[in-house]
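Take these sequences, add in the hints, and give me the full structure.
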Amino acid sequence: MGFYLRKRSSQTGLAPGTIVYGGVPRTEAPTLQLITYDLENLEERRIEDLDDIHHTPGKVMWLNVNGVHDEALLTRIGQRFGLHALGLEDIASTLQRAKVDEYTDHLFITLRMLGDGESRVAFSEQVTLAVGSNFVVSFQEMEGDVFEAVRRRLRESIGRIRGAGPDYLAYALMDVIVDDYFRALEGISDDLEALEDSVQERPPEDTLPRLRRLRSKLIMMRRVAWPLREAASRMLSGDLALMQRETQPYIRDLYDHIVQIIDVIESLREVGGSIHDLYMAAISNKMNEIMKVLTIIGTIFIPLTFIAGIYGMNFVNMPELQWPYGYPVAMGVMAAMAVLLVLFFRRKGWL
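Each residue of the sequence shown is one higher than the last, beginning at 1 in my numbering.
In case anyone wonders, no lab produced these hints; they're calculated from the structure.
The structure presented is a predicted model; accordingly, all values stated were derived computationally and were not measured.
Be careful, since some hints might not be right.
Label pairs and their in silico Cβ distance ranges [as the list claims (entries may be wrong)]:
id, residue 1, residue 2, range
1, D190, A149, 31 to 41 Å
2, F182, R46, 29 to 39 Å
3, A149, Q244, 21 to 31 Å
4, M313, M287, 46 to 56 Å
All C-beta atoms, glycine included, are put in the ideal place defined by N, C-alpha and C.
Here it is in structure tokens:
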């Protein structure tokens with residue numbers, strides 16, 4: 001976040017629409033994949049030169065751009081598809097909130113896709129969909145995405161996606177991103193359940209660090225999901241010319257999924273709070289048990305120390321010190337008192 005703020009502050013005074021990359025520095029070259037399709041045919045290829053992109057009437061183009069750090073490439077893509085400069089500026093600024101921006105003949109949909117691998121939901125990357133009358137251009141920060149299910153549906157002509165327009169393709173891409181939120185939340189839920197079980201049995205030493213990591217992931221997902229609900233609500237409003245009426249029921253279903261995700265996030269946050277309270281209670285109980293044992297031991301030794309203290313006084317006239325049985329009698333009395341105290345504590349249920 002600090003890097004992003006420093007990057008933003010360096011843009012002060014620039015003209016609106018100036019493309020300045022604001023993400024993590026990258027050196028790899030961006031890659032472009034183009035899928036052109038209609039109900040009957042599909043062509044899929046890698047693009048090396050934007051001049052190789054030619055639109056065929058009646059077909060939908062989906063250009064997927066991996067890497068938004070090449071500012072010159074973003075400018076050329078914007079010129080090729082007639083994209084607004086302000087939208088391109090937001091694409092390069094990679095910490096945008098989820099939103100929908102409409103321009104004359106196209107719109108930009110911004111949302112966040114979760115990271116893959118063992119570090120799942122430890123980070124998210126910005127995805128922007130530029131939707132026109134016959135194209136969708138998806139921009140993502142790096143290689144790797146959750147769009148393979150959509151590609152398979154296109155290749156195998158599953159469902160209505162091949163016969164629908166670019167607005168439905170944009171919905172399908174958003175849908176798989178949102179579905180991935182559910183999978184991430186399921187993993188967090190499993191981790192919280194395992195952590196709760198371990199706390200109830202015997203709290204491990206790393207409970208608090210693990211809980212903090214899980215709660216930070218939930219906070220991150222909350223920041224991702226809440227603005228997305230507003231964006232989906234905007235798409236349902238009916239004032240976006242490119243969103244066809246036939247696509248509205250699917251957008252409504254997407255909106256419902258986002259609301260469910262937010263509900264699950266809030267529920268899991270409450271579970272995390274409950275686990276924290278349970279852990280603190282377990283630690284407190286453990287400390288109380290230790291203090292109880294120490295108190296009982298101290299209580300047992302109080303009368304023994306009293307007897308030892310009496311016979312440790314340096315008075316000249318102490319007849320018991322000259323008695324042959326003084327030592328064994330004193331030890332016997334001390335042992336008897338210790339046993340009686342232990343029996344008393346057991347009878348009271350303190351041991």
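Checked hints:
1. D190 / A149: 31 to 41 Å: violated (22 Å)
2. F182 / R46: 29 to 39 Å: Because 31 Å falls inside the window, the suggested range holds.
3. A149 / Q244: 21 to 31 Å: holds (22 Å)
4. M313 / M287: 46 to 56 Å: violated (38 Å)
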